[in-house]
Amino acid sequence: AQKITQTQPGMFVQEKEAVTLDCTYDTSDPSYGLFWYKQPSSGEMIFLIYQGSYDQQNATEGRYSLNFQKARKSANLVISASQLGDSAMYFCAMREGHNRGSTLGRLYFGRGTQLTVWP
Amino acid sequence: DVKVTQSSRYLVKRTGEKVFLECVQDMDHENMFWYRQDPGLGLRLIYFSYDVKMKEKGDIPEGYSVSREKKERFSLILESASTNQTSMYLCASSLGQLVGHTFGSGTRLTVV
Numbered sequence: 010a011q012k013i014t015q016t017q018p019g020m021f022v023q024e025k026e027a028v029t030l031d032c033t034y035d036t037s038d039p040s041y042g043l044f045w046y047k048q049p050s051s052g053e054m055i056f057l058i059y060q061g062s063y064d065q066q067n068a069t070e071g072r073y074s075l076n077f078q079k080a081r082k083s084a085n086l087v088i089s090a091s092q093l094g095d096s097a098m099y100f101c102a103m104r105e106g107h108n109r110g111s112t113l114g115r116l117y118f119g120r121g122t123q124l125t126v127w128p
Numbered sequence: 026d027v028k029v030t031q032s033s034r035y036l037v038k039r040t041g042e043k044v045f046l047e048c049v050q051d052m053d054h055e056n057m058f059w060y061r062q063d064p065g066l067g068l069r070l071i072y073f074s075y076d077v078k079m080k081e082k083g084d085i086p087e088g089y090s091v092s093r094e095k096k097e098r099f100s101l102i103l104e105s106a107s108t109n110q111t112s113m114y115l116c117a118s119s120l121g122q123l124v125g126h127t128f129g130s131g132t133r134l135t136v137v
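Chains R and V supply the protein sequences, listed in that same order. 19 is the number that my numbering gives to position 10 of the first sequence; each next residue is one higher, with no gaps. 116 is the number that my numbering gives to position 91 of the second sequence; each next residue is one higher, with no gaps.
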């Protein structure tokens, strides 16, 4: 079973509008962390935002916020006031637990959402 | 600024060749990872290492091996390259279990 599911292969948004990229996750571990990365066409992976499973508040970083709904196991990325430079592939990822033996900090990635921002 | 450096941005190799992909990090990170990225499949973990000379299989280790002789360097080896190993390869490192990865800029490998 997929640990991270991103159901939107592609999304389109007009400049200055907000957009939500969906991510659901599957884990039985009470301690986990959720990440969002951006990958422009140049290929590098850029860390955007992190949410820990015990964090009481939704994470925010500038124009990025994470809509964390623990009971629904969802961690959607919200980008406010989209810019043309936001056009990229976006990946949701999860790491599980503390001291999980050989898993040791590995991340599980979704299949990604290609976001296109148009003028 | 912290850095993960992959030695090649683009590589073209022939079927059957032995291929080395090199990755070096300058952050004294314990953990290093090799992922493969294919369209529609996201990133899949090939191998990872949590210490010098230590390695663990990821989700798709078949056809690959790794080497970590020094803390800062993690090499991915394709013993006999095949066309189905044409892909983007991403190296990453992390300091501990609870943090995310720092990624290299990737190596796009084409096997012909």
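None of these hints come from the bench; they were simulated from the model. Keep in mind that this is a model prediction, so the values were computed, not measured. Some clues are possibly wrong.
With a straight-line cut-off of 25 angstroms between C-alpha atoms, the simulated BS3-like cross-links for lysine-lysine are [said to hold, decoys possible]:
| no. | chain 1 | residue 1 | chain 2 | residue 2 |
| --- | --- | --- | --- | --- |
| 1 | R | K12 | V | K38 |
| 2 | R | K12 | V | K43 |
| 3 | V | K78 | V | K43 |
| 4 | V | K80 | V | K96 |
Restraint ranges, calculated between C-beta atoms of paired labels, are given here [claimed, not checked]:
| no. | chain 1 | residue 1 | chain 2 | residue 2 | range |
| --- | --- | --- | --- | --- | --- |
| 5 | V | G121 | R | D35 | 37 to 45 angstroms |
| 6 | R | E26 | V | G41 | 47 to 55 angstroms |
| 7 | R | I55 | V | S32 | 17 to 25 angstroms |
Heads up, the beta-carbon is just placed ideally off N, CA and C, and yes, glycines get one too.
Verification of the supplied hints:
1. Between the alpha carbons of K12/R and K38/V the distance comes to roughly 33 angstroms, so the proposed pair goes past 25 angstroms and is violated.
2. This hinted pair does not check out: K12/R and K43/V have alpha carbons roughly 33 angstroms apart, beyond 25 angstroms.
3. For the suggested pair K78/V and K43/V, the alpha carbons sit about 21 angstroms apart, so the restraint of at most 25 angstroms is met.
4. At most 25 angstroms may separate the alpha-carbon atoms for a hinted pair to count; K80/V and K96/V meet this at roughly 12 angstroms.
5. In this structure the hint that G121/V and D35/R lie 37 to 45 angstroms apart at CB is violated, the actual value being about 24 angstroms.
6. Checked against the hint of 47 to 55 angstroms, the pair E26/R and G41/V passes, with Cβ atoms roughly 51 angstroms apart.
7. Taking the beta carbon of each, I55/R and S32/V are about 21 angstroms apart, inside 17 to 25 angstroms as hinted.
Going down the numbered hints, you'll see the structure goes against 1, 2, 5, while the others check out.
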